[in-house]
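> Numbering (the numbering used here), first residue to last: 1 to 262.
The set of hints was computed from the structure by calculation and includes no laboratory data.
Just so you know, these numbers come straight off a predicted model, no measurement behind them.
The beta-carbon is built from N, C-alpha and C at its ideal position, and this holds for glycine as well.
Hints should not be assumed to be uniformly reliable.
Claimed, not checked - With a straight-line Cα cutoff of 25 Å, these simulated BS3-like cross-link-like pairs (lysine-lysine) come out: (1) Lys130 with Lys79; (2) Lys112 with Lys54; (3) Lys59 with Lys79; (4) Lys112 with Lys59; (5) Lys130 with Lys10; (6) Lys10 with Lys112; (7) Lys178 with Lys130; (8) Lys54 with Lys10; (9) Lys126 with Lys112; (10) Lys178 with Lys112.
What the hints assert, rightly or not - With beta-carbon atoms standing in for the labels, derived distance ranges: (11) Phe209 with Gly86: 37 to 47 Å; (12) Ser78 with His179: 18 to 28 Å; (13) Thr8 with Glu223: 30 to 40 Å; (14) Ser194 with Gly227: 35 to 45 Å; (15) Val240 with Ser82: 24 to 34 Å; (16) Phe206 with Glu75: 40 to 50 Å.
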Amino acid sequence: MMKLFDLTGKIALVTGGTHGLGMAMAKGLAGAGAELVINDIDTGRLETAVEEYKSHGFKASGYLFDVTDEKAVVEAVSKIESEIGGIDILVNNAGIIQRTPAIEMEPADFRKVIDVDLVAPFIMAKTVAKGMISRGGGKIINICSMMSELGRDTVSAYASAKGGLKMLTRNLATEWAKHNIQINGIGPGYFATSQTAPIRVDGHPFNEFIIGRTPAGRWGDPEDLAGTAVFLSSKASDFVNGQVVYVDGGILATIGKPSNEQ
């Protein structure tokens with residue numbers, strides 16, 4: 001059974017895998033045996049992350065390129081496959097969010113979020129899939145969001161992109177399943193990261209809201225994503241295609257508790 005989850009000999013490219021949830025998933029893949037290729041647009045962040053992976057005994061390399069630039073992506077993927085080997089696993093993790101009320105948001109800012117969070121995963125998948133097709137298969141994981149299903153104030157562009165990413169996942173699965181490529185998504189809930197640290201304190205309204213709204217009664221630990229990433233990258237998921245697995249502690253499963261319910 002454990003062989004189904006073994007990633008030994010596999011090469012995994014994780015975009016934006018230099019921190020936070022991307023790093024947590026990448027560490028999970030490396031722990032299952034994969035060799036990591038990490039991408040970012042910041043040299044210092046990339047170098048620091050690669051050293052972090054290596055300090056844990058993982059095999060990791062860093063490549064600097066912009067995932068929204070198709071020419072740069074094509075060149076980088078070609079270089080990776082020449083220097084490291086064929087990419088077996090692609091995790092489209094790089095993304096941005098801009099919190100602006102829709103009525104105030106400039107179209108240019110809306111387009112920027114769509115470009116990074118939706119167009120870039122298309123560019124990455126299209127480019128990497130060509131090699132996967134020639135080699136007989138591969139795994140692509142798109143990092144979606146609960147905003148692939150739900151709306152929320154001030155995140156119209158992000159929700160639009162993540163909703164689109166869910167459908168891109170399904171459509172690519174429809175087109176590429178015949179090539180033994182499985183394309184699935186992971187939809188993280190609310191996680192305890194450095195970005196959320198300021199609001200994860202007792203008495204903070206949003207902290208109380210998340211704990212009360214989540215059936216698990218807590219924020220997610222970044223390591224909670226590792227198992228799902230390994231599953232969707234491994235032979236264990238060979239007949240799973242076009243799905244989004246929500247790792248959210250049960251938020252999407254419930255309407256929530258009434259204010260008078262303990």
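> Now tell me, hint by hint, if it's right for this structure.
Structure-based check of all given hints:
| no. | hint | result |
| --- | --- | --- |
| 1 | Lys130 with Lys79 | holds, 14 Å |
| 2 | Lys112 with Lys54 | violated, 33 Å |
| 3 | Lys59 with Lys79 | holds, 17 Å |
| 4 | Lys112 with Lys59 | violated, 33 Å |
| 5 | Lys130 with Lys10 | holds, 17 Å |
| 6 | Lys10 with Lys112 | violated, 33 Å |
| 7 | Lys178 with Lys130 | holds, 13 Å |
| 8 | Lys54 with Lys10 | holds, 17 Å |
| 9 | Lys126 with Lys112 | holds, 20 Å |
| 10 | Lys178 with Lys112 | violated, 33 Å |
| 11 | Phe209 with Gly86: 37 to 47 Å | holds, 45 Å |
| 12 | Ser78 with His179: 18 to 28 Å | holds, 20 Å |
| 13 | Thr8 with Glu223: 30 to 40 Å | violated, 21 Å |
| 14 | Ser194 with Gly227: 35 to 45 Å | violated, 22 Å |
| 15 | Val240 with Ser82: 24 to 34 Å | holds, 31 Å |
| 16 | Phe206 with Glu75: 40 to 50 Å | holds, 42 Å |
Against the hints set out earlier in the document, violations occur for numbers 2, 4, 6, 10, 13, 14.
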